[in-house]
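J.: Sequence lines, in order, name chains A and B.
Going by this note's numbering, the residue at position 19 of the first sequence is 19; the numbering climbs one at a time, nothing skipped.
Going by this note's numbering, the residue at position 168 of the second sequence is 1168; the numbering climbs one at a time, nothing skipped.
These aren't lab readings, by the way, just hints derived from the structure by calculation.
Here a beta-carbon is modelled for each residue, glycine too, at the ideal position from N, C-alpha and C.
Do not take every clue at face value.
Taking lysine-lysine pairs in the DSS-like style, the calculated list, with each CA pair at most 30 Å apart, reads [what the hints assert, rightly or not]: (1) B:Lys1051 to B:Lys1147; (2) B:Lys1243 to B:Lys1215; (3) A:Lys39 to B:Lys1243; (4) B:Lys1118 to B:Lys1305; (5) B:Lys1147 to B:Lys1118; (6) A:Lys39 to B:Lys1090.
Stretches of chain A that chain B covers, calculated by requiring three or more beta carbons in the stretch to come under 8 Å of a beta carbon on chain B [claimed, not checked]: (7) 37-45; (8) 49-60; (9) 68-75; (10) 78-90.
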Amino acid sequence: MGRFLLPVLATAFLLASPVQAADAPPGASSCTGCHATAKIADSVIPRIAGRKAADIVTFMREYRSGAWPSSVMGRIAKGFDDQQTEAIAAWFAAQPE
Amino acid sequence: MSTRRAFLMGTAALGFAPAIASAQGAGRVVVIGGGFAGATAARTLKTLEPKLTVTLVEPNPVYTACPFSNSVLANLREISQQEFRYDGIKGAGVTVAETSATGVDAEAKTVTLADGNKLAYDRLVMSPGIDFNWGALPGYDEAAAQKMPHAWKAGAQTTLLRNQLQAMNDGGLVVMSAPANPYRCPPGPYERASLIAYWLNIWKPKSKLLLLDAKDAFSKQRLFQNGWAELYPGLIEWVPLSKGGKVTSVDPATLTLTTEFGSHKAAVANVIPPQRAGAIAGQAGVADRTGWCPVEPVAFESTLKPGIHVLGDAAIMGGMPKSAFAANAQAKVCAAAIVALLAGRKPQDPILINTCYSLLAADYGISVAGVYRPDKGQLTDVPGAGGVSALEAVGGLRGQEALYAASWFRTITAETFG
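Based on the provided sequences and hints, a complete structural model is requested.
T.: Rendered as structure tokens:
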């Protein structure tokens, strides 16, 4: 029953708040200054819309710790805690790829 | 539509606006200024809430972007690559009024246009960019800018400065002057000095560049100075405030820049003058005595005039610099906040990012980044985050950042103009 109920509730919630994009978690809207919403043919910066949330969270943790070397992402990842990062990752994962 | 009829309709609608807005989740938003902040705000508002009536007031049919315009000076790009039209904004359902705003009445909630029409609004977004403080630097006025270009609003001024550089004899002295803070694009004068040096080094290698500065420190300073020593030894001389760098007057007839310590006669002079928020901000009453616009840090609503949001270079954004990335990020936060406010909801506390690349050569990039959140009434750096590129570049970092810079420009312009 739990399995069945959850999607129904989620659907009801989405119908009740049509302005889904307005509910992007804090910080998410800034990401698209570099990680394009639209498909840009000629960019070396990857799009993150539609990527798995767990992958985005892992990258952000590795950038933050410096385990994965980066140019700007380490400096940016340090501005977000785990909870904020997870919310942003879940939101991008739900966007069309 | 006649002025009178537009005005009457506006007035009539205004009386019922709160009820209409809350009942239908709709409302009228006017955006003044179609740069990175305004164009983004208009498009995002329409995307988030299609029922909104969004009007963008912008007199120029073509926007000429400042980021990467220093590459035009260095012959790495053409000015046409800096130009963007508003077709994508119109396609998103935004009404573009191709005229200037001449007046804002914050009490009546109306904007008067140069074509005589009047627009009523529930929320007004002002993103007028910068204007120059003509007269703040004796000798420098609009006529002087034809002899000693500022090139700090991209377009004809950029082309003029490029043409002057190309016409200069090898061995000529290029003199730049950089203003005191705050001004549009804090690292911009230093990127410009770098890219002019890059071009001189190839085409006019006997030439020198003198950078007169009204301050003692600047954005990404060590990275720039290390890069200059590495790439252009002896070509760029930076004169800080404490060494007499502040330009106190200019003479366009002789291309002379005078400081407290002496005069410098230039073969080509680039004067970046003191700035303030675009003139309409003063008229609307949202600019304070500094010439810039104070705002609260959640929806960027003016602390001087309720119902008016100020974005981008014109606004005082706490720790956030006056950059195109910041303007775009602020506009997206503001659009979501306005949608919430018009629906009777409280906007959420935002987090914003800024990332800003500078080029020192075609394949040599550096960056600064920051993360910001509201704290004690203003946007404040999140401690421990942000900062500049590593001083020691390993693994081709400078080349990589130059590539990221180019990708960023393509992305931010697509994000903004569609």
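J.: Does each hint fit the structure? Answer for all of them.
T.: Here is how each hint holds up against the structure:
no.	hint	in the structure
1	B:Lys1051 to B:Lys1147	49 Å, violated
2	B:Lys1243 to B:Lys1215	10 Å, holds
3	A:Lys39 to B:Lys1243	49 Å, violated
4	B:Lys1118 to B:Lys1305	19 Å, holds
5	B:Lys1147 to B:Lys1118	38 Å, violated
6	A:Lys39 to B:Lys1090	20 Å, holds
7	37-45	holds (count 7)
8	49-60	violated (count 0)
9	68-75	holds (count 4)
10	78-90	holds (count 4)
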